[in-house]
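Quick note, the sequences are listed as chains E and P, same order. Under the numbering used here, the first residue of the first sequence carries the number 1, and numbering increases by one thereafter. Under the numbering used here, the first residue of the second sequence carries the number 1, and numbering increases by one thereafter.
FYI, nobody ran anything at the bench for these hints, they're computed from the structure. The model shown is predicted, which means the values in this text are computed figures rather than measured ones. Just so you know, even glycine gets a beta-carbon here, dropped at the ideal spot from N, CA and C. Mixed in with the good hints there might be a few duds.
[Unchecked claim] In silico DSS-like pairs for lysine-lysine, Cα to Cα no more than 27 Å straight-line:
#1 E:K262 <-> E:K196
#2 E:K17 <-> P:K80
#3 E:K80 <-> P:K80
#4 P:K247 <-> E:K80
#5 E:K17 <-> P:K262
#6 P:K196 <-> P:K182
#7 P:K262 <-> P:K247
[To be verified] Chain P regions said to be covered by chain E (calculated; three or more residues, Cβ under 8 Å):
#8 28–40
#9 79–90
#10 95–106
#11 110–119
#12 123–135
[Stated by the list, open to error] Negatives, chain P to chain E, calculated, CB over 12 Å:
#13 D5
#14 G25
#15 L46
#16 N152
#17 K262
#18 G295
#19 S314
#20 F320
2 protein chains.
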Amino acid sequence: MKVKDIGEQGLLRILQKFCPAEIVGDDCAVLPTNPHQSLAVTTDMLVDGVHFSDRTTGPYYAGWRAAAANLSDLAAMGAKPLAVTVALAVAADTAVLWVEEFYRGMTACLEVYHTPIAGGDVVRSPVVTVAITAFGEVECDRTISRANARSNWAIVATGFHGASRAGLELLLNPEFGQNLEKGDRTSLILAHQQPKPRLDVLPILWEILDAAGEFSIAGMDSSDGLADAIIQVCRASGVGAKVDRTKIPIPHSLSEIVSTEKALEWALYGGEDFELVLFLPIDHAKLLVDRIGDGSAIVGITTESSDIWLSDSSGICFDFRLEIDRGFQHF
Amino acid sequence: MKVKDIGEQGLLRILQKFCPAEIVGDDCAVLPTNPHQSLAVTTDMLVDGVHFSDRTTGPYYAGWRAAAANLSDLAAMGAKPLAVTVALAVAADTAVLWVEEFYRGMTACLEVYHTPIAGGDVVRSPVVTVAITAFGEVECDRTISRANARSNWAIVATGFHGASRAGLELLLNPEFGQNLEKGDRTSLILAHQQPKPRLDVLPILWEILDAAGEFSIAGMDSSDGLADAIIQVCRASGVGAKVDRTKIPIPHSLSEIVSTEKALEWALYGGEDFELVLFLPIDHAKLLVDRIGDGSAIVGITTESSDIWLSDSSGICFDFRLEIDRGFQHF
């Protein structure tokens, strides 16, 4: 039996047997280190030609994106980054400049969040491969898990979705979107090349939840798409959701390059926007969206029934069920 | 300029510019997390055909060795393991059984030391690649660094050297070492396939150092060979050493398969014995060797002059200078 016969999900199911159930299944593993704090850990492996390619992403941006993806996982748990380690496999004929630019991009992103590269490994391989592990500290009573959502809570997207996917399309097809204004074009491309992990949301969130006197929150990041994040949190929490398609924050410029349906598809399934998708009581959610501004929105509400519907408050479109398998299958 | 033009050391020098000098250069990065404890972190990347091969190491043993190497780095810092993360790249036609056996081997080793796999990543790649990151807790006043050795201290090897290299030779050449007794043969092969990280040495060490009332120690593990460990610690500490070739613990069975010179070469440069090489005041070293027993030995003494000599207390061989570059060059 080969990996392709069982697919990524099948392989993950087998490998999860080797991991304690209570610490896997979230954006980070959370390991208690003292009575008040835990260690949050996340790891990503990136393979040349699979996760990055010089065609769309020069090494600087590949490095930036790799760092951002890991910091976003920490943000999704409510963790403050401590450091990352980087294991790098390069071929004998890999250009030294490529490696330097990759590290320059990585550290440029990490420095914004005061996060050092604490160490690593360098080996040779026929295929350039990078594995990044990020560590953060999370207070035990401020850990954002996927499994804590309750019904009748608001679902907040902390920013625009679909921009990264649009930026990728612009990079892949230079003849695409010629009608875009230069500023909009740059902004979509940057959304793909230099995504910003939303660690800035955490202090605002703590302020609101501390004032409310209750830690009622669940969430994850939208690295695999907004639909995936909503479905994963609903499943882990045993709730359903009603998501309003008219409320999903999609950059206006997308309407100039693709149909409304395509823009919605990119927002839901494009992935790599690295926003947070947070589930919390409606009053807190309203305060949060007011404070974050800039593309953040309440996109839906959780329900007791476990179905997840994409509805249309404008009454134009039929409701339809949000499915996870329109997302990306790695094998 | 390609990676092969500057070699592994050249590449490492470039990449170290991106890391804070005070936290790289030891077996683990050490990150202070609270006033008493630090987080020790180490990462290794393993590539099919470079670091493991079905010819010498089935997936079970490749997994065991990968876990052991990381736990050994923690032991070398004085750290107690907390957990590991595993990032795995597999090809579509990788056998599922290979992956399962690899994880079985890894967890078999980890379970001995009560260390869970806390999470990971699974991606596809043309080349099977594994990145393991291990983290442990180390008390701030019990961190074993490379840079703390002083002159006139003893150098302790916690066990036999050369066994792993001999085991590899037996696996590579089945016609080699036919005269070995079966028990000796198995024991050398197991030294290669199932090395044991020396976490068991730490409680003994703390007892001796606590009783002495002073934390006088430096060290690292011998994953890259005994010579490499001695030279690295001496360089980091600004001392030299006189190593006695007659005191290096080499399994007796090696004398039945190779010359004395070859056995010494394997002990010094073979690597992957995963013992600890500890530098400490002579009285403490004697107590330590008495307590550990089983192949441990004082192999030399540090000196004020920065030269590192391999001498012969039996008077048969000339002294010669220990060099690092007889070790393995990865590019």
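Results for each hint:
A hinted pair counts as satisfied when its Cα atoms are at most 27 Å apart, and K262 (chain E) with K196 (chain E) qualifies at roughly 24 Å. Note on K17 (chain E) and K80 (chain P): the hinted pairing holds, with a Cα-Cα distance of about 24 Å set against a maximum of 27 Å. A C-alpha spacing of about 23 Å is found between K80 (chain E) and K80 (chain P), which places the hinted pair at or below 27 Å, so the restraint holds. A C-alpha spacing of about 49 Å is found between K247 (chain P) and K80 (chain E), which places the hinted pair above 27 Å, so the restraint is violated.
Between the alpha carbons of K17 (chain E) and K262 (chain P) the distance comes to roughly 44 Å, so the proposed pair goes past 27 Å and is violated. Restraint check for K196 (chain P) and K182 (chain P): the C-alpha separation of about 21 Å stays at or below 27 Å, so the hint holds. A distance of roughly 16 Å separates the Cα atoms of K262 (chain P) and K247 (chain P); the hinted pair therefore holds under the 27 Å criterion. Only residues whose beta carbon comes within less than 8 Å of a beta carbon in chain E count, and the region 28–40 of chain P has 7; three or more means the coverage holds.
Chain E is given as covering the region 79–90 of chain P, and this holds because 8 residues of the stretch bring a CB closer than 8 Å to a CB of that chain, at least three being needed. Here the region 95–106 of chain P counts 8 residues with a CB under 8 Å from a CB of chain E, which clears the bar of 3, and the coverage holds. Restraint check on the region 110–119 of chain P versus chain E: 4 residues with Cβ-Cβ distances below 8 Å, three needed, restraint holds. Residue count for the region 123–135 of chain P with a Cβ under 8 Å from a Cβ of chain E: 9. That meets the three needed, and the coverage hint holds.
A cut-off of 12 Å between C-beta atoms contradicts the statement that D5 (chain P) is not in contact with chain E; the least separation is 7 Å. Listed as a non-interface residue, G25 (chain P) fails to keep its Cβ farther than 12 Å from every Cβ of chain E; the least gap is roughly 9 Å. For L46 (chain P), the shortest C-beta to C-beta distance to chain E comes to about 8 Å, within the 12 Å cut-off, and the non-interface label is violated. Every beta carbon of chain E lies more than 12 Å from that of N152 (chain P), the smallest distance being close to 31 Å; the non-interface claim holds.
Non-interface status of K262 (chain P) relative to chain E is upheld: no Cβ of that chain comes within 12 Å, the nearest being about 27 Å off. The beta carbon of G295 (chain P) is kept farther than 12 Å from every beta carbon of chain E, the shortest such distance being approximately 28 Å. At the 12 Å boundary, the C-beta of S314 (chain P) stays outside the reach of chain E, the nearest C-beta of that chain being 40 Å off. Every Cβ of chain E is farther than 12 Å from the Cβ of F320 (chain P); the closest lies at roughly 30 Å, confirming the non-interface assignment.
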